[in-house]
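Participant: Chain by chain, the residues run as shown.
There are 4 protein chains.
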Amino acid sequence: MMHKFKEKLFIIIFEANTPAGKAFDVCLLIFIFLSIILVMLESVQSIRVLYGEQIRFLETIITGIFSLEYALRVYVSHRPFRYMRSFFGLVDLLSILPFYIGLFFMGSHNLIVIRVLRLLRIFRIFKFTRYTRESNHLLQALLNSRAKLTVFVMAVSTLVTIFGSLMYLIEGDENGFTSIPQSIYWAIVTLTTVGYGDIAPQTNFGRFISSLVMIVGYAIIAIPTGIVGYEITQVSKNAMNTRVCPNCMAEGHDFNANFCKACGAKLPANQL
Amino acid sequence: MMHKFKEKLFIIIFEANTPAGKAFDVCLLIFIFLSIILVMLESVQSIRVLYGEQIRFLETIITGIFSLEYALRVYVSHRPFRYMRSFFGLVDLLSILPFYIGLFFMGSHNLIVIRVLRLLRIFRIFKFTRYTRESNHLLQALLNSRAKLTVFVMAVSTLVTIFGSLMYLIEGDENGFTSIPQSIYWAIVTLTTVGYGDIAPQTNFGRFISSLVMIVGYAIIAIPTGIVGYEITQVSKNAMNTRVCPNCMAEGHDFNANFCKACGAKLPANQL
Amino acid sequence: MMHKFKEKLFIIIFEANTPAGKAFDVCLLIFIFLSIILVMLESVQSIRVLYGEQIRFLETIITGIFSLEYALRVYVSHRPFRYMRSFFGLVDLLSILPFYIGLFFMGSHNLIVIRVLRLLRIFRIFKFTRYTRESNHLLQALLNSRAKLTVFVMAVSTLVTIFGSLMYLIEGDENGFTSIPQSIYWAIVTLTTVGYGDIAPQTNFGRFISSLVMIVGYAIIAIPTGIVGYEITQVSKNAMNTRVCPNCMAEGHDFNANFCKACGAKLPANQL
Amino acid sequence: MMHKFKEKLFIIIFEANTPAGKAFDVCLLIFIFLSIILVMLESVQSIRVLYGEQIRFLETIITGIFSLEYALRVYVSHRPFRYMRSFFGLVDLLSILPFYIGLFFMGSHNLIVIRVLRLLRIFRIFKFTRYTRESNHLLQALLNSRAKLTVFVMAVSTLVTIFGSLMYLIEGDENGFTSIPQSIYWAIVTLTTVGYGDIAPQTNFGRFISSLVMIVGYAIIAIPTGIVGYEITQVSKNAMNTRVCPNCMAEGHDFNANFCKACGAKLPANQL
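Listed in order, the protein sequences are those of chains A, B, C and D. Numbering-wise, my numbering comes out as the position in the first sequence, counting from 1, plus 4. Numbering-wise, my numbering comes out as the position in the second sequence, counting from 1, plus 4. Numbering-wise, my numbering comes out as the position in the third sequence, counting from 1, plus 4. Numbering-wise, my numbering comes out as the position in the fourth sequence, counting from 1, plus 4.
Just chain A, same shape as in the assembly (with noise of 0.2 Å):
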């Protein structure tokens, strides 16, 4: 019988799709986005002079839950430490922790960002169906374009390199490009299209420069949008296929294919 109450917390816990299930994730949910909000609030220093009593105290209980909950699902695991060794098994931790830490060491300020990765624990959110298959896509999108899109980061930095160099030479201390560091972090602002305006070129040389390093910038937008929509519509078409091979069970044979690429028996005629 125990048992049985244990495969029941199971399904409870770490399933999304039974009425309980989902309902176990939505009240997660909630909690999760209340911690980061007082996380949020505790940061904002007239709230904390006003408030900091009462924020300590829900946050208290908030890590109290979520403490039950981890504890909860180490138990119901089958194998509880490859949950524990998991992505969301150590996010899991890492939003109890801090708490824990805090109460030993005082001035903990610093596990601030600790306790905001709770926040990667909305992603538990793609376990519901619709969502998986979404991020899926994308992520097999993003991974396909790996490689193209490493040359373009590699090709970027070197280009803001040595454009910040330059701009180093001409513009100079005297006009905020203090040093290479300095100039490639401007080189960046600029070509990113981000602009904040706090080191500006200040020559008629530099602001010629600074010119190109924009329509360069503007203009090679364009190759990771290029390649990531690319890849996107090839996932999306392949998703969109679902036929299978009655011989060999093979997937992703074209619109048009009339034999099984794999093994080369016949496809049934294309239902769409």
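No wet-lab data here; the hints were simulated from the structure. Where hints are given, some of them may not hold.
[To be verified] Where chain D lies over chain C, by a calculated footprint (3+ residues, C-beta under 8 Å): (1) 45 to 53; (2) 142 to 155; (3) 193 to 202; (4) 223 to 229.
[Unchecked claim] Pairs of lysine to any residue, SDA-like flavour, derived with a Cα cap of 20 Å: (5) D:Lys270 - A:Asp177; (6) B:Lys8 - B:Gly25; (7) C:Lys270 - B:Lys8.
[As the list claims (entries may be wrong)] A few chain C residues that don't get close to chain D, going by computed Cβ distances all over 12 Å: (8) Leu38; (9) His82; (10) Pro84; (11) Leu97; (12) Ile166; (13) Gly268; (14) Lys270.
Remember, predicted model here, so these are calculated numbers, not experimental data. For glycine and all other residues, C-beta sits at the position ideal for the given N, C-alpha and C.
Using the hints, position chains B, C and D against chain A.
Facilitator: Below, chains B, C and D without anything else, positioned relative to chain A:
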């Protein structure tokens, strides 16, 4: 006879494809633009001081016209309540209400936004056949990419929250990153490549992290572009593909095709 | 004989594909660039003070050359008035007119823009076959997406007006949002991700709304990109397809077409 | 025997697909990155003051290594002069030259850019098969869109010149638009959506024109994206499409296809 008059009015007011209906809609558009321009002019202090009287006079006239129009729309509708509860029915009401409320309550300055909502009425223009089709295509493409865009917005939100918190720790109060929400605002300004420069990193490590945020923002803009681009292609393709050869059932004929490209049979005339 | 000479001149001046015609066009381009550079240099105060005399002298010479060219174009044209009323005819006239007006009226400083319009003449370069085709493709793609882009620009205009008015209420006069037109300017600066930072939200709620505007601007840039990208693909595909019906000479058949879509005749097999 | 040793060295130095060649290239990459980091560190004043001595020492060692490498490359080349005149031959020479010039001439501060050009050497990484294919695809796509991009850049240049001159007249000297070149710089900053904010329009009419420039810039970024996106699709498709069925000549088989999708015949093994 009264009934016939009402029917005629209905066609003028609600249809856009008769000459009278078109004339009515064009008049209306002119009044809408005029009323928006009045709201804008009234908000400019130097103009308000000089011409406030005249602006309020014109405003009263235009509201009168809109009120008359609203009354007529309710009068000629076959199901008045259905019209009043429809999107455009509510927008029509909202475009006259602020004026009447302003008569009774002083300091109705805040109603300006509601008055600006009149602008939504220009979307009536989409009744003109040409734009209906185009806006439907775009809406369809956006609807189809809804799930993928949701995943994208969630990932971006998580990213800016984590990067924002990180920068809050690195830069801190003294460099303008006064709280986590503030830092998230900065992260959004940077990731979307807007880059006001009102908050900008001052430390070297902060600038390094900023560079990462910028490059990420520059690269991932490819994702929504790829998603929407793919869906626009799909929707446009499907729109082209509604003609079928009555002889061989081949699809995908061009708009200007008279004969089937596959078997040479005569195609029925294009209905579009 | 006079007639033959005129014919020869016509080919040199109006055609770009003979050696003499090409040489003529290249010379012209050089003079156009030179005259634009002169206009630019004259606008720089330090240069105007030092070399104003020389610049005006060169300007006179170049205008003389352009005047001669204009006279020749009118002279050799078969239908002089048709040339004079054509787009390039008007641009040619505009490129010499400011000089002559400046002789009679002092303070013709404002004619500088008209002088800069000379730059439009460089589009004659599109006569060179290679660029003609490419620019026709791009123009065709833009024309095809005209209706969709109009819908998009209307939606964006409505968006910036509503967001602008909202921010005018939220931020108000004291934070730089002095009027609705001003706030709309801010909304455009933000939505297009330009982000000067000359007007930036100061209140928390204003920053929240700004974040929304930025994310919307970042996401919807995907729409024009998708539209134009699709049309460029279509135009390029059609351009690649040079199959002509042997019966009715219709063009633009699909790759997999067996029969002419215009007259139903059998097409020769695709050689591609 | 000497010849055999030379041959072996050649394979290590110039080939990347043997274990020894790969190790050589990886070592080289590390030294290149190290030397770039040294250049960067030396440009930071606080570091130069403290560790200038050490940096120059490491610099000398690395230049020695690079000199040795250059000598070896010349030595093992079958046609030394051809290597020396090649792109990478020149880059290799440029990466050691500044040091030797600096020995004879003082104040060789300006040589910093040439030293940074060493970074170009990391493109040797494209010898690794995976990246070669990807970078070739991207280069091919860019080459194919050359003519269209030229037309686009010309149109953009004309646009910024005309808009820049217009703004020079509207805003004038007192609002930072001190000359036409300056105003063109502003127009580029705005059109590319960089938006530093160092020069920003102050007058109402100037802000109206600026809004136009921004919206144009926001919309036409779709054009290069569409161009490059189309070409990337074409290049990727062609890369996929090199397999032909020996039985029915059908093309367009997937990479993992073993049998023809049109006739079911066995395909020859994929050579890629």
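Participant: If a hint holds in the structure, say so; if it does not, say that too.
Facilitator: Right, here's what the structure says about each hint:
A count of 3 residues in the region 45 to 53 of chain C with a Cβ less than 8 Å from any Cβ of chain D is obtained; the coverage claim is therefore met, three being the minimum. Requiring three or more residues with a Cβ within less than 8 Å of a Cβ of chain D, the coverage given for the region 142 to 155 of chain C holds, as 4 such residues are present. By the rule of at least three residues with a Cβ nearer than 8 Å to a Cβ of chain D, the coverage given for the region 193 to 202 of chain C holds, with 9 such residues. Given a C-beta distance limit of less than 8 Å, the hint that chain D covers the region 223 to 229 of chain C holds, as 3 residues qualify and 3 suffice.
Of the pairs offered as hints, the one joining Lys270 (chain D) and Asp177 (chain A) is violated, with about 68 Å between alpha carbons and a cut-off of 20 Å exceeded. A distance of roughly 16 Å separates the Cα atoms of Lys8 (chain B) and Gly25 (chain B); the hinted pair therefore holds under the 20 Å criterion. For the hint pairing Lys270 (chain C) with Lys8 (chain B), the CA-to-CA distance comes to about 56 Å; that exceeds 20 Å, so the pair is violated. Annotated as non-interface, Leu38 (chain C) keeps its C-beta farther than 12 Å from every C-beta of chain D; the closest such distance is 14 Å.
Taking the minimum C-beta to C-beta distance to chain D, about 29 Å, the non-interface status of His82 (chain C) holds against the 12 Å cut. Its beta-carbon lying about 27 Å from the closest one in chain D, Pro84 (chain C) satisfies the requirement of being farther than 12 Å from that chain. Non-interface call for Leu97 (chain C) relative to chain D: holds, since the shortest CB-CB distance, roughly 17 Å, exceeds 12 Å. Listed as a non-interface residue, Ile166 (chain C) keeps its Cβ farther than 12 Å from every Cβ of chain D; the least gap is roughly 16 Å.
The beta carbon of Gly268 (chain C) is kept farther than 12 Å from every beta carbon of chain D, the shortest such distance being approximately 26 Å. The claim that Lys270 (chain C) lies off the interface holds: its Cβ sits roughly 21 Å from the closest Cβ of chain D, which is beyond the 12 Å cut-off.
The structure does not agree with the numbered hints 5 and 7 stated previously, though it agrees with the rest.
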